[in-house]
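Chemist: Residue numbers (this note's numbering), protein chains in the order written: chain A, 46 to 295; chain B, 74 to 444.
A couple of the hints might just be wrong.
Derived SDA-like pairs: lysine to any residue, alpha-carbon spacing no greater than 25 Å straight-line [what the hints assert, rightly or not]:
no.	chain 1	residue 1	chain 2	residue 2
1	B	K350	A	W64
2	B	K404	B	K198
3	A	K161	B	K198
4	B	K335	A	W64
5	B	K306	B	I365
6	B	K335	A	A80
7	B	K350	A	H69
Restraint-style ranges between C-beta atoms, simulated for each label pair [what the hints assert, rightly or not]:
no.	chain 1	residue 1	chain 2	residue 2	range
8	A	F278	B	Q331	53 to 59 Å
9	B	R437	A	Q255	29 to 35 Å
10	B	P366	A	V234	54 to 60 Å
11	B	A332	A	E169	32 to 38 Å
12	B	P366	A	S283	40 to 46 Å
13	B	Q331	A	S283	52 to 58 Å
14	A	Q109	B	I333	49 to 55 Å
No lab work stands behind these hints, which were simulated from the structure alone.
Even glycine gets a Cβ: it sits at the ideal position worked out from N, Cα and C.
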Amino acid sequence: MSKANAKTPAVMMRQVNKWYGQFHVLRDINLNVAAGERIVICGPSGSGKSTLIRCINRLEEHQQGDIEVDGIPLTANLKNIDDVRREVGMVFQSFNLFPHLTIMENLTLAPIWVRKTPKAQAEEAAMKYLTRVKIPEQAHKYPGQLSGGQQQRVAIARALCMNPKIMLFDEPTSALDPEMIKEVLEVMVDLAEGGMTMLCVTHEMAFARQVADRVIFMDEGQIVEENTPQEFFTNPQSPRTRKFLEQILH
Amino acid sequence: MAYVRASEAPKMAAPKGTIGFAAWAKDKLYPTPLSGLGTVAIAALFLAVSWNLLQWAGLRAVWSAPDRELCAVEGAGACWPFVFAKFHQWIYGLYPFEERWRVNIVYVLGVISLAGLMVPSVPGKRWNALFFFVAFPIIAFFLFYGGILGLPVVETDYWGGLTLTLIIAVTGIVASVPFGILLALGRRSQMPVVRILCVVFIEGVRGVPFITVLFMASVMFPLFMPPGVNPDKLLKAIIGGGLFASAYMAEVVRGGLQAIPKGQIEAAQALGLSYWKMMGLIVMPQALKIVIPGIVNSFISLFQDTSLVTIIGLFDLLGIVQAGFNDAKWKSPQTGNTGYLALAIIYFIFCFSMSRYSQYIERRTNRGLKK
């Protein structure tokens, strides 16, 4: 990690708290992610992991504490929210491709309408990313004609078309058939090796071992443990982590 | 016990009697004796009614006559000469005879540009839309009303018939879509003031019959205006119709909005699309596609509801047809029946066309989305 990167963390969360009504869903979250770092977030369902990463691009609003993304503070300021969303790409569990648009249109929509990229240039970039996720031949089909794994790879390419500095993954493989998980993970590994700053909510522990710089374990809205994958899997510190790992690693 | 298939199972043709017309008829027309009986009974009723109608409207009908004489004969069927004689009036209303070419030009312009918009393969949709929605209404107004380029002024009191029906219906239809969309979005707005205003408007308008809206527009509206300001009767009817249709359209559109998964909105937001771009590019195209049948239902309703403007003294198609019944030259027992049948056919042609076109559009927008 260079010193310049250390100055402006990609993501900075300080004493972040969030409630759904009376339910305290995020409690005292403190997290710094350096540029280029790969973070895997895991934990039982309802532990707040999705909510945490959704706060980073303001799909969810936090009520207390500070979040800065690439130095931009996330407040009610709409311009800041727009700026952050341009920097942050997101991949969802349920793909969320736009079913009324072709794959190519899905990929070029945001560059054309948000970044004002000329259409030809946007299409060229789209083909580059489609090639990178290994499905350039599907460019003119509709999302409904693709398999789940292909759709998720398109969703990754769609996010990449905006040239984000940070990528958020919200359980990207949880809705996939077992046969298709691998093709999506391969794309994500490729991305990680390319130096992308990534925050992944996932239960793919092999993926965490392979690419993560840090693994974060959450439970009941708190960060319970933060560790290198090596330590996390072989020598977890918190009893809660140990219990969780026992459940998922059989 | 292990089992391994040694040879491929043969692919055989379907057994006799399970496909083809005979099988279809057995399955659909007389699967049981009782339902077979039902089929025959319904077919008999249908034939009887059709035969009576055919006799009256065709075999016993009067096809040409100079006046009521032949139609008034005992046992005569439909009085079609009445329809032929009045047909021009049905289309133009009381519009002065020597100025009707102006109406014709509007019809030609309207049909050409509308066809250009509706047929997908015609190029230049953007210019065509600009013409139809912006230039055409202005041109049409000045052609109808006159007062420029030496055209004599024709007051709206003389506008009537099918032309008037189409003026009110098309204006209402065209206005109801954008206003309906805005009202639907307003009703789902996060801002309470906007939301409450939209809810009050939508529920207020939907809570009263169209006749009430028309009466309010024509009788009560002037009470709220400064003295001496009394907008044109037709204008009030158009505004009333547009507002009424917008409220219904808003609810149709809201139905579509509710069917869009939250993930679509989140994906659009995550890509940095602003509210209006998200709505215009992602949400509305999907929502409106889902509710095409409901939208066209609203169009058809409004088209038919225009016949209520007779009540505030406008002579739309229905009004002008009914006015013709009092013509002493054509008064006969069959004049009214024939007039109403012809009227029904005209309304049917318009409404059925809208219905068919919407089905075509539905099929077309579904293309490519299916596996």
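Chemist: Each hint needs a verdict: does it hold in this structure or not?
Modeler: Tested hints:
Using a Cα cut-off of 25 Å, the hinted pair K350(B) and W64(A) is violated, with the two alpha carbons roughly 30 Å apart. Between K404(B) and K198(B) the alpha-carbon distance is near 49 Å, which puts this suggested pair outside the 25 Å criterion. Restraint check for K161(A) and K198(B): satisfied, since their Cα atoms lie roughly 23 Å apart, inside the 25 Å limit. The straight-line distance between the Cα atoms of K335(B) and W64(A) is roughly 20 Å, inside the 25 Å bound, and the hint therefore holds.
Between K306(B) and I365(B) the alpha-carbon distance is near 32 Å, which puts this suggested pair outside the 25 Å criterion. Note on K335(B) and A80(A): the hinted pairing is violated, with a Cα-Cα distance of about 30 Å set against a maximum of 25 Å. With a C-alpha separation of about 33 Å, the suggested pairing of K350(B) with H69(A) is violated against the 25 Å cut-off. At roughly 45 Å, the beta carbons of F278(A) and Q331(B) sit outside the given window of 53 to 59 Å.
For R437(B) and Q255(A), the hinted distance range of 29 to 35 Å is not satisfied, since their beta carbons lie about 47 Å from each other. Range check, P366(B) to V234(A): about 47 Å between beta-carbon atoms, so the 54 to 60 Å window is missed. Range check, A332(B) to E169(A): about 35 Å between beta-carbon atoms, so the 32 to 38 Å window is met. At roughly 57 Å, the beta carbons of P366(B) and S283(A) sit outside the given window of 40 to 46 Å.
A C-beta distance of roughly 43 Å is found between Q331(B) and S283(A), which places it outside the suggested range of 52 to 58 Å. A beta carbon spacing of about 32 Å between Q109(A) and I333(B) contradicts the range 49 to 55 Å that was offered as a hint.
The structure shown violates the earlier hints numbered 1, 2, 5, 6, 7, 8, 9, 10, 12, 13 and 14.
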